[in-house]
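Visitor: Which chain is which? The protein sequence lines are A and B, in order. Taking our numbering, the leading residue of the first sequence gets 13, the next gets one more, and so forth. Taking our numbering, the leading residue of the second sequence gets 13, the next gets one more, and so forth.
One or more hints might be untrue.
What the hints assert, rightly or not - Pairs of lysine-lysine residues, derived as DSSO-like cross-links and limited to a Cα-Cα distance of at most 30 Å, are as follows: (1) B:K359 / B:K341; (2) B:K168 / B:K351; (3) B:K252 / B:K168; (4) B:K252 / A:K341; (5) A:K351 / A:K341; (6) A:K351 / A:K168; (7) B:K151 / B:K168; (8) B:K341 / B:K351; (9) B:K351 / A:K79; (10) A:K168 / A:K359; (11) B:K174 / A:K341; (12) B:K359 / B:K168; (13) A:K245 / B:K341; (14) A:K359 / A:K341; (15) B:K79 / A:K351; (16) A:K177 / A:K151; (17) A:K252 / B:K341; (18) A:K168 / A:K151.
Stated by the list, open to error - Among chain A residues calculated to face chain B with C-beta under 7 Å, some are: (19) V215; (20) A297; (21) W311; (22) V344; (23) I346; (24) H347; (25) L348; (26) G350; (27) V366; (28) Q370.
Simulated from the structure, these hints should not be mistaken for laboratory data. Cβ atoms here follow ideal geometry from the backbone N, Cα and C, with glycine treated the same way.
2 protein chains.
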Amino acid sequence: MTRLAPGSTLGILGGGQLGRMLSQAANRLGFDVVILDPEENSPAGRVSRGQIVAPYDDPNALDVMGKVCDAVTFEFENVPAASVDRIRAGGARVAPGPMALAVAQDRLEEKTFLNGVGATTVAFHAVATLEDLHRGLEKLGTPSLLKTRREGYDGKGQVWIKAAKGATAAWDALGGRPCILEARAPFLRELSIIAARGRDGAVAVYPLGENRHAGGVLRTTLAPAVVDARIDKAARRIAKAVLNGLEYVGVVGIELFDLGEGRLLVNEIAPRVHNTGHWTQDGCACDQFEQHVRAVMGWPLGPTAAHASVEMTNLLGDEVDRWAALSGKSDVRIHLYGKAPARPGRKMGHVNRVRPLQH
Amino acid sequence: MTRLAPGSTLGILGGGQLGRMLSQAANRLGFDVVILDPEENSPAGRVSRGQIVAPYDDPNALDVMGKVCDAVTFEFENVPAASVDRIRAGGARVAPGPMALAVAQDRLEEKTFLNGVGATTVAFHAVATLEDLHRGLEKLGTPSLLKTRREGYDGKGQVWIKAAKGATAAWDALGGRPCILEARAPFLRELSIIAARGRDGAVAVYPLGENRHAGGVLRTTLAPAVVDARIDKAARRIAKAVLNGLEYVGVVGIELFDLGEGRLLVNEIAPRVHNTGHWTQDGCACDQFEQHVRAVMGWPLGPTAAHASVEMTNLLGDEVDRWAALSGKSDVRIHLYGKAPARPGRKMGHVNRVRPLQH
Chain A
13 MTRLAPGSTL
23 GILGGGQLGR
33 MLSQAANRLG
43 FDVVILDPEE
53 NSPAGRVSRG
63 QIVAPYDDPN
73 ALDVMGKVCD
83 AVTFEFENVP
93 AASVDRIRAG
103 GARVAPGPMA
113 LAVAQDRLEE
123 KTFLNGVGAT
133 TVAFHAVATL
143 EDLHRGLEKL
153 GTPSLLKTRR
163 EGYDGKGQVW
173 IKAAKGATAA
183 WDALGGRPCI
193 LEARAPFLRE
203 LSIIAARGRD
213 GAVAVYPLGE
223 NRHAGGVLRT
233 TLAPAVVDAR
243 IDKAARRIAK
253 AVLNGLEYVG
263 VVGIELFDLG
273 EGRLLVNEIA
283 PRVHNTGHWT
293 QDGCACDQFE
303 QHVRAVMGWP
313 LGPTAAHASV
323 EMTNLLGDEV
333 DRWAALSGKS
343 DVRIHLYGKA
353 PARPGRKMGH
363 VNRVRPLQH
Chain B
13 MTRLAPGSTL
23 GILGGGQLGR
33 MLSQAANRLG
43 FDVVILDPEE
53 NSPAGRVSRG
63 QIVAPYDDPN
73 ALDVMGKVCD
83 AVTFEFENVP
93 AASVDRIRAG
103 GARVAPGPMA
113 LAVAQDRLEE
123 KTFLNGVGAT
133 TVAFHAVATL
143 EDLHRGLEKL
153 GTPSLLKTRR
163 EGYDGKGQVW
173 IKAAKGATAA
183 WDALGGRPCI
193 LEARAPFLRE
203 LSIIAARGRD
213 GAVAVYPLGE
223 NRHAGGVLRT
233 TLAPAVVDAR
243 IDKAARRIAK
253 AVLNGLEYVG
263 VVGIELFDLG
273 EGRLLVNEIA
283 PRVHNTGHWT
293 QDGCACDQFE
303 QHVRAVMGWP
313 LGPTAAHASV
323 EMTNLLGDEV
333 DRWAALSGKS
343 DVRIHLYGKA
353 PARPGRKMGH
363 VNRVRPLQH
């Protein structure tokens, strides 16, 4: 439980925008940051004390991270478990813990865990063979969604099956890998909740965000979302169950389906700071990045109340070229990631449009 | 007037806490930052893309800064004019301009300039010799304050003369250097105003702060200060006169004496972000650091309204050891500078205590 003192070093696996914003938050609290990322001059490396340029399973790099850093965290969920073990052996505390990674890396484990802690999901069926898939389609009906159990994000590694006769094509499209078949949720809207658990077991939950996606990629988050008390209570209960169930330390992002009439399903969890939590940078005194750093370094959690209403919009690909027009809007806060080139669909930055909170 | 695009490089002369917080703001807007500072691993260098370790008058270092950077600014006012010229010759724009530096580096020039633009100061007398000092004491009476014309900050390089017989001792204490003698201002309190001017000539002014010093060093700033409309108007007029008079680009800090009944005197100006503006980090959507970066990079200025009431307190020397207790206070935002060791009086960090704005 020891609180790591300012001057301690935080290691981050992954040098993208999430690592960058984590690093900036850690620096504000007086910590030094070291990034591990295979690409030189990563967005996070450019704002940190140092970067180790190596693959995420490079034993020497992991040994250095374990020795140089007092604590280590990550900006993506597909960190190899062996890497985490090796870092921990070097002496650094790693957060979130191995349980969170194991659950988040496998969609079947994830849904099983979620339902086990009372966080309901859509109905699902494990698919190891084409036969399993046929049985799943009989059980869940169509349309239903076939996803690889591992990897895939932003809509990749998944395919909708509209009728039973499409089973073979879908199975082949995903390479015959172990999959999970998910029933379609008749949801009204997508919400998400950002929450944190400290080393002392305390839980802090931010107001809900309402999300709009396009092409499987997040476009906007509106927060605090307009929700009735039942939804708010249900979401908080889910966040608490997930965090405690995983003995979690740090920030988690939980995507939810709002079915109406106060009913929520959990879509998925991300064991890290989350794109749908970027609104907290300009809507809360302690944003999700500082909150995560606080938890990982053993500090008490910060406040989660919103002081403003925020509409967060991702800048994808050449949308970042709108910076000049955006820079003149007084209600818009700009957050850019220092990335180049602006490949189509690449997350280059985001803007938070800030409005007074409606009481 | 060109707006420098994200991906451009900002150079900062000086790697202390002001350079550090400027760098963090620049990074948020997608700029890379290079620091010039004679000390390795400076607070700012540790959160920036790179640091050149060299004296501020090293010709090679200045040439590199001029070539690598698209724009260059500084975190302290005693930058040699020749250094600025050399950087500019390399191709980088430098802001604020030479007029601001010339005025800020010499207290006699500063007071002369201020009164010239209608920003009243205490009465003063130029002191080049001990005879000048005696004449000044006759004119201004005692007690009065003898200051070196150049250098000195946080109460250094100045001595109070309580009676005419103390003239020689004061003159010797300051080493017989060119000085300025200042009359005592019968002020009720110290205020300061943080303001900015863009490359397009636009001026933006933050709400006033009320400052408390101890031993010549700033302890706390309370902002927005409680002031009547006359004071507010007078301060805004002063800020505008100073910024336009200097054809300034960037953020300026202006220290004021409140004489009561709506009357203000200017104590001094700092051509840079200012300790009394740190409250803006947690009280405004666009803080003084982003504001300065916006101006220097040719971007439109950001909004200056306060969304919270903030009490900023400096953490001096071993006061930084209070971090553990402070980390548990939910209304306190911590800003640490990554400095060691915590020498007595050294500015190690600050905290902003945030309260709802009183309307």
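Visitor: Is K351 of chain A close enough to K168 of chain A, meaning Cα to Cα at most 30 Å?
Guide: It holds: about 22 Å lies between the C-alpha atoms, which stays within 30 Å.
Visitor: Could you grab the alpha-carbon distance between K359 of chain B and K168 of chain B and see if it respects the 30 Å cut-off?
Guide: Measuring from Cα to Cα gives roughly 15 Å; hence the hint holds.
Visitor: Using 7 Å as the Cβ threshold, decide whether Q370 of chain A counts as touching chain B.
Guide: Cβ of Q370 of chain A sits 15 Å from chain B, so the hint is violated.
Visitor: Does K341 of chain B lie within 30 Å of K245 of chain A when you go C-alpha to C-alpha?
Guide: 26 Å, holds
Visitor: Does K252 of chain A pair with K341 of chain B here, judged by a C-alpha cut-off of 30 Å?
Guide: 22 Å, holds
Visitor: If you draw a straight line from the CA of K252 of chain B to the CA of K168 of chain B, is it 30 Å or shorter?
Guide: Status holds; Cα separation ~29 Å.
Visitor: Let me know if the C-beta of I346 of chain A comes in closer than 7 Å to any C-beta of chain B, holds or violated.
Guide: 6 Å, holds
Visitor: For the pair we were handed, K351 of chain A and K341 of chain A, check the Cα-Cα distance against 30 Å.
Guide: 23 Å, holds
Visitor: Take the C-alpha atoms of K252 of chain B and K341 of chain A, compute the straight-line distance between them, and say whether it is at most 30 Å.
Guide: 22 Å, holds
Visitor: Mind checking the alpha carbons of K359 of chain B and K341 of chain B for me, to see if they're no more than 30 Å apart?
Guide: 21 Å, holds
Visitor: Holds or violated: is there a CB of chain B closer than 7 Å to the CB of A297 of chain A?
Guide: 6 Å, holds
Visitor: For a C-alpha distance cap of 30 Å, please report whether K151 of chain B and K168 of chain B respect it.
Guide: 24 Å, holds
When held up to the earlier numbered hints, the structure conflicts with 11, 19, 22, 28 and fits the remainder.
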